[in-house]
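Could you build all of it, start to finish, from the sequences and the hints given here?
What follows is the residue order along each chain.
Protein chains: 2
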Amino acid sequence: MRERGLLIVFSGPSGVGKGTVRAKIFESDNNFEYSVSMTTRKQRPGEVDGKDYYFRTRDEFEEMIRNGQMLEYAEYVGNYYGTPLTYVNQTLDEGKDVFLEIEVQGALQVKEKVPDGVFVFLTPPDLEELRGRLVGRGTDSAEVIASRLEKAKEEIRLMSEYDYAVVNDEVDLAAKRVKKIIEAEHYRVDRVIERYVHMIDDVKV
Amino acid sequence: MRERGLLIVFSGPSGVGKGTVRAKIFESDNNFEYSVSMTTRKQRPGEVDGKDYYFRTRDEFEEMIRNGQMLEYAEYVGNYYGTPLTYVNQTLDEGKDVFLEIEVQGALQVKEKVPDGVFVFLTPPDLEELRGRLVGRGTDSAEVIASRLEKAKEEIRLMSEYDYAVVNDEVDLAAKRVKKIIEAEHYRVDRVIERYVHMIDDVKV
Chain A
1 MRERGLLIVF SGPSGVGKGT VRAKIFESDN NFEYSVSMTT RKQRPGEVDG KDYYFRTRDE
61 FEEMIRNGQM LEYAEYVGNY YGTPLTYVNQ TLDEGKDVFL EIEVQGALQV KEKVPDGVFV
121 FLTPPDLEEL RGRLVGRGTD SAEVIASRLE KAKEEIRLMS EYDYAVVNDE VDLAAKRVKK
181 IIEAEHYRVD RVIERYVHMI DDVKV
Chain B
1 MRERGLLIVF SGPSGVGKGT VRAKIFESDN NFEYSVSMTT RKQRPGEVDG KDYYFRTRDE
61 FEEMIRNGQM LEYAEYVGNY YGTPLTYVNQ TLDEGKDVFL EIEVQGALQV KEKVPDGVFV
121 FLTPPDLEEL RGRLVGRGTD SAEVIASRLE KAKEEIRLMS EYDYAVVNDE VDLAAKRVKK
181 IIEAEHYRVD RVIERYVHMI DDVKV
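Chains as they are written, first to last, in the working numbering: chain A, 1 to 205; chain B, 1 to 205.
Everything hinted at is true.
Restraint-style ranges between C-beta atoms, simulated for each label pair: (1) A/P125 x B/G95: 17 to 23 Å; (2) A/R191 x B/K51: 32 to 38 Å; (3) A/P45 x B/Q90: 54 to 60 Å.
Hint data in this document are derived by calculation from the structure and do not stem from the laboratory.
Computed from a predicted structure; not experimentally measured.
All C-beta atoms in this analysis are idealised placements derived from N, C-alpha and C, irrespective of residue type, glycine included.
What follows is the structure, encoded as structure tokens:
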């Protein structure tokens, strides 16, 4: 029997740089598949439908929720974000790891359903730095930024629900840390013990 | 307050190549200190007292046991092996990681005393390969080799007590895997959360 892949859940406060770190992780060789999220938020310049996100209307999104086709979803600052279920399950069944980059609310839903996933929290070095990043992005109004920062404080408290915390001080370093965590998780005894203990009974010594 | 260092416990069946992999790990840059073990077994050609092991008589070793100066010790194929306590504690208190390369029996003693250590089991690809390695080493009689293989079977069953299992298929690869595990462990939420949650209360947003 082929071993099922690992589900890697990469999350953190809005504006911390999840997308940038994820892009850096996928620039280099790796053994995991990216699960594209679905959202009802507006497409930003340069974003590609089906690559950065699946961009959908509220009606379409809500129909998928009703049909049980979402692994997780969250409404965040007026928009839905979520992970379609089918691709994730198929890929894990093929023995490949799946990498989700999702919002904190959604990550906690996944943890309930898939407790043996690997949960990685991307944290800002501090909140002033996060504020600067949100302002610099230039896509949000002052009210939205204030709301995102309040949300970030709540979300950092939820770090305790995760397995790992990686600080996004430098994108390159943060990406390398996440890759090492994923590799190390493959050596956890509870994931590999079956592969080794058979040798005890197989061989006459 | 300075964070206490990580205690890394590297173990596995006799003959699996713990010493070789450990030497490879310490060839390259790293941020942890090696704790030299103490033994009553005979010094092999090329081994240096105080570097490979502290070589001691049975009387000296047993006095340290009586004085509570050993973190762990085990008697194995007629010889004592163990870890002097003082160096380990001082180094951890300085905030540095300590790397122990010890026998399986001793590793389980350390786990009782230091449950938040990182326990890494080095496993042979299979038992035939382990037999070949023991024979090739040329230091043990046929009887000792048979006894070591029986012991190895028992020890592989104890893999479940460890956090990670790394296969020693190639020394270079095994060493790299161990280094990644140690780095990843530094990002575990329960080890770092204190460092980050203070930001919530420190900053007015």
